[in-house]
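Chemist: Guided by the hints, dock chain B onto chain A, whose structure is given.
Which chain is which? The protein sequence lines are A and B, in order. Under my numbering, the residues of the first sequence are numbered 1 to 337, in order. Under my numbering, the residues of the second sequence are numbered 1 to 337, in order.
Since the hints were derived computationally from the structure, they do not count as laboratory data. Hints may be right or wrong, so weigh each one.
Treat identical chains as interchangeable: a pair holds within one or across any two.
Unchecked claim - Distance condition first, Cα-Cα at most 27 Å in a straight line; then the derived DSS-like pairs of lysine-lysine:
id, residue 1, residue 2
1, K247, K265
2, K193, K79
3, K200, K329
4, K247, K270
5, K247, K273
6, K193, K150
7, K172, K318
8, K329, K78
9, K193, K78
10, K247, K274
11, K329, K81
12, K329, K273
2 protein chains.
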Amino acid sequence: MRIAVDAMGGDHAPDEIIKGVLEARRLLDANDELVLIGVQECIERQLTSDGSGTNSIRIVHAPEIIGMDEAPVEALRKKRKSSIAVMVKMSSHNEVDAVISAGNTGACVAGCQIRMRNLPSVNRPGIAVVLPTFGGPVTMCDVGANIACKPINLHQYAVMACVYSREMLGIKEPRVALMSIGAEDAKGNELVKRTRELLKSDSRLNFIGNLEGNDIFNGVCDVAVCEGFVGNVILKLSEGFADMLFKAIGYELMQESPRLANEFKPLIAKIYKKYDYHEYGGALLLGVNGTAVICHGSSRSRTIKNAILASKKFHTLKINDQISRSLSKASVRPNSE
Amino acid sequence: MRIAVDAMGGDHAPDEIIKGVLEARRLLDANDELVLIGVQECIERQLTSDGSGTNSIRIVHAPEIIGMDEAPVEALRKKRKSSIAVMVKMSSHNEVDAVISAGNTGACVAGCQIRMRNLPSVNRPGIAVVLPTFGGPVTMCDVGANIACKPINLHQYAVMACVYSREMLGIKEPRVALMSIGAEDAKGNELVKRTRELLKSDSRLNFIGNLEGNDIFNGVCDVAVCEGFVGNVILKLSEGFADMLFKAIGYELMQESPRLANEFKPLIAKIYKKYDYHEYGGALLLGVNGTAVICHGSSRSRTIKNAILASKKFHTLKINDQISRSLSKASVRPNSE
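This is chain A alone, in the form it adopts within the complex:
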């Protein structure tokens, strides 16, 4: 399998990206090929300073860089030689089997959509992230690819996230819930109410109803469906909240007893790792005709390594074929928006 990684994307590029690629290299098969895309000089210098040399990794030169804050579509149009543009183009020409980036999310999503196209039955791709919870992993879709969702989009996200949950996480009959602001049928905005009807009428889904914010983490569902704005807020909020709480605990512990604080430290690290969604290796862009993993801008080598392994699993298990089958079976019409 050929996996392309955007060497220039993210807050810690290219160092941590390349480090992650080298970590993954050791875990992949000999015939798997890793391709680093970005400013050749930069990549080579880093590989050399790591002592790894450039033998084991293929480099594809892309002289331009799309900044984290650039307007996605415009940046893609202007910077045709950027790592993201080159990467998605290679995927569309079947020169690589998977693409991975921790760069500008909007540009990645747009690039994948434009170049790789959608799977036949999909209207709009969605980003699926796995949230580790005390009740098990919850696959949430969408977390930011589509902030103008229609009910049909959310229905497709439910179907795709179910396939993901089943195949990637081994959950047999994923319980699907719809993000809302109350458990009752009458609760929620128009989008939620109309989506609810679609999900209810699809007998292939194990739809359990509305989900409230406080229920995501207590094991009531395996798949949570929401539109991209809400999903993105949820994802980032979870991060920020965990950071604050651990900071607060650390602070109180130090006030109370520095000894206790010291004893507690390794435990915090353990819990952090367990409930850190980076462990799952970024987020899959579900619905495009290819394998695309989008990583958080703050990704370090561990996330990149895990993203590479996730992309291999996704590709090997032929998740896209299964999504296409499921969507064609489901009562989901791509053009019935």
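Modeler: Here is chain B on its own, set in the frame of chain A:
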């Protein structure tokens, strides 16, 4: 001041509600009057069993109860003798100065809107909640009163929440941020983009730009503005996440070292109390012509007590007059939706 409390609303009604009222009674002035509204027999029995007797509290009989899951407007129409209906009616007849309920939120909001009416310059009331964070308290509005927001509504929420933050929390020039999915101007859905323009153009606001989910808790703003669906998800998610994290910490500690777990317990309780928004005593419904506090359905006596004290502060400081003044000065036209 006369404060009415819905004795029948919430998961722990009437016991915890009445307990909270009695706790507040001890902290209020002698000429403050507390009115419990609900099934007289129920209330009297509880007051007697508490040994407090019925002397210190006025009881207003309301034989009907609106369930937590009932459709709000319909329930209000059908159950004219419910505690919520009677309570808001008393407020509209100027028989009480503040109303408090932990019951059906939708019914409370609808009841207040219908009976108490909005302040002259307000199109739609919003629920404001204070989130305690490591960086100080953040006033967030709206958290569920209005899930079909227009930019003008969000602008008014910003102005009202600023008055609240300044007067109730003593924050001099509250920094206002708009909930979105990226810091850049171009990020966010249509509602966010249009609201952003309104907030930017209002020179009386200390508007600092977009806010991402992970930034709410790190002290960058004092006021966070969002539409009710997103706000409600944020509020409930924060609750659920804290619960899960503390559960996870407890679990890991027990695995690791029961001794450490025991030492850690009182600290958890302390942190929990510090970062528990119930401490602020429910949420003010900003924009109605009166004082209305909406409490979480799970409220226990402490929240009810704090809600009563918050309602007194809100009323005494004449926050509504200040809101009216601010809105009439601001470039906010009530009919320019």
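Chemist: Among the hints numbered above, which are violated by the structure, and what are their numbers in rising order?
Modeler: Violated hints: 8, 11 and 12; rest satisfied.
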